[in-house]
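Got chain A; can you put chain B on it based on the hints?
Each chain, written out:
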Amino acid sequence: MQTTVEPPRAAAEAEVTAAGWPRYWPLLLLGAAVVPGLLLFSVGRWMDSPAVQAWRTVCLAITTQALPFLLLGTALSGAINAFVPARVFTKVLPKRAAFAVPVAGMAGVVLPGCECASVPVANSLIGRGVTPAAAFAFLLSAPAINPVVLTATAIAFPASPVMVLARLLASLATAVVMGWLWLWLGREEWLRPVARHTGHRPGHSRFTEFRTGFQHDFLHAGGFLVVGAMAAATFNVAVPRSVLDTFAGSPWLSVLFLAALAIILAVCSEADAFVASSLTGFSPTARLAFMVVGPMVDLKLIALQAGTFGRAFAVRFSAATTVVAVLSSALIGAVLL
Amino acid sequence: MRRPLQVTLLVLSGLGLLHASLFTDLCLRYVKPSMRPMLVVSGFLLILLGIAEAWSRSRQTPGVDDHHTGQGHIGENHIDQHHTELPEEHTGHNHSKVPRVAWLLFLPALSLLFYAPPALGAYTASRAATKAVPVQDAFDPLPATSPLPITLTDFTTRVQQDRKRAIKGRTVQLTGFVTPDKGSTYWDLTRIMISCCAADAQSIKVRVYGIPALAANTWVTITGTWHASGTLGTSSARAALNGVTVEKVAKPVNAYQDAPPFATSR
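In the order they appear, the protein sequences are chains A and B.
Residue 337 is where the first sequence ends in my numbering, and the numbering goes up by one at each step.
Residue 266 is where the second sequence ends in my numbering, and the numbering goes up by one at each step.
A hint or two may mislead.
[Stated by the list, open to error] Just the calculated beta-carbon pair ranges, DEER-fashion:
(1) Q60/B x V323/A: 43 to 53 Å
(2) R311/A x L5/B: 22 to 32 Å
(3) T234/B x A319/A: 40 to 50 Å
Note that these hints are calculated values from the structure, not bench results.
Yeah, the Cβ is synthetic: ideal placement off N, Cα and C, and Gly gets one too.
Just chain A, same shape as in the assembly (with noise of 0.2 Å):
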């Protein structure tokens, strides 16, 4: 008999019902008290301890650094597609998709920023027609080759001025050489489709869309520029730079590790000259690699580029240019310094 009634009655007197209290609400409600003031305290404990404020420190340092840049490349963006006409493009760039990957990477000139500026900027030029090689071309080389990151370059190694020519050709090559890799390889449904961009259309204001396409583009690169900050704090954090000195030694290994350091540390490209330079003990091809290999794949980069142009292409095109560049810089590292 009351093997049948209990069930049921002590359901009903578990659950909270309208009209009365469950059975152990003075438990319940120390329960309600105790335990988010208890989690609160430990998470804010841990938030404290030195190694989580680094990161913290390192993931909003990153952040901080690159969100005036980015708001230049996103409006630059959404400039480009409400006031500029597509057949502007198709005049300045030559027809031949061959011979505009080298012209649009030397435009890589005038763009003065660091690498988060010239994600929004390739990808409304796809948009506005520009073929991807081109774009792509421009993507890698507008951070390496502007007037500002050359500059910051010669200072950074005021005895070894070569140092500025052999980025400038290297990291040049790179983007040509991986525009047209896409041109052979690339495949178009790697990217997203980009018909977000759809330029001037008659009987819109064109500010109102210069404002709603800068807005939708800072929010969506921001979100993901803030995964890559996190990313790159983490590994700024958890690896110690004392670990750097054992590979410093042999030639190849060296190239190879500050290329894969470049990637992980996600400096910005106007300052990894001076990160470059205090490297003694690396080769100063080793230290090209990482001046090349940076501003084009970095974990940052990667998240926006996932975030613009998709998971499919980032991974794919970021694996090429790591390769492409280390070659490139070990080459002319070779011949020039």
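Chain B in isolation, oriented as in the chain A frame:
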């Protein structure tokens, strides 16, 4: 992400940047002072964007703007849109849909506004790469003042590169923060320097003997003489001090640079 949320996000991000760069010195914990004008401009720009979005939203007649709320639109056109993969391209404004990843932007914005992490300190210094001091061929004679205020970089260069050994026997005064060295009698007077943002931090350290270590990250000015180890004027010499006096000082506003102590009047 709904449009009112986008407005909130834009304005909060803008406020965060302005708070860090214009109203306080927070941004100096993360980036170089030269970034400041750009941060201020970016902050204003973001707030402007937010206001423009809110304004354009308020001007639009309700029900026309937002097909994502999905209320009151039962037209064929709209049903058709929701079935296609990319509904945005066909009609109207296509920018109101922002992926969920944009939510993450709330983190830096709120963090800057309410929960800003401190500047990098002893934890990073004990693990970060050591900054190489610049190579210097000629050294000017040292000023005659005693104690001589000097930066950590200058002190290291003098100890390791000045063949005239001008630093020998001089009492010097340096400012930095404390990085304790576990289980040893010495500790490191430290400065962290950045070339762009805190992600590329490098540290420079001068070992201090003869004074017990204070708590990590305490900023101190220390007076002392070179602690003999290695041959002075060559790279075998270690940048180290026999500490004489130690004095707590306030953390400098721009902590990521190497500066000599303020000229002491006492």
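>> Tell me the numbers of any earlier hints that the structure contravenes, in ascending order.
In response: The structure conflicts with no hint, since it agrees with every one listed earlier.
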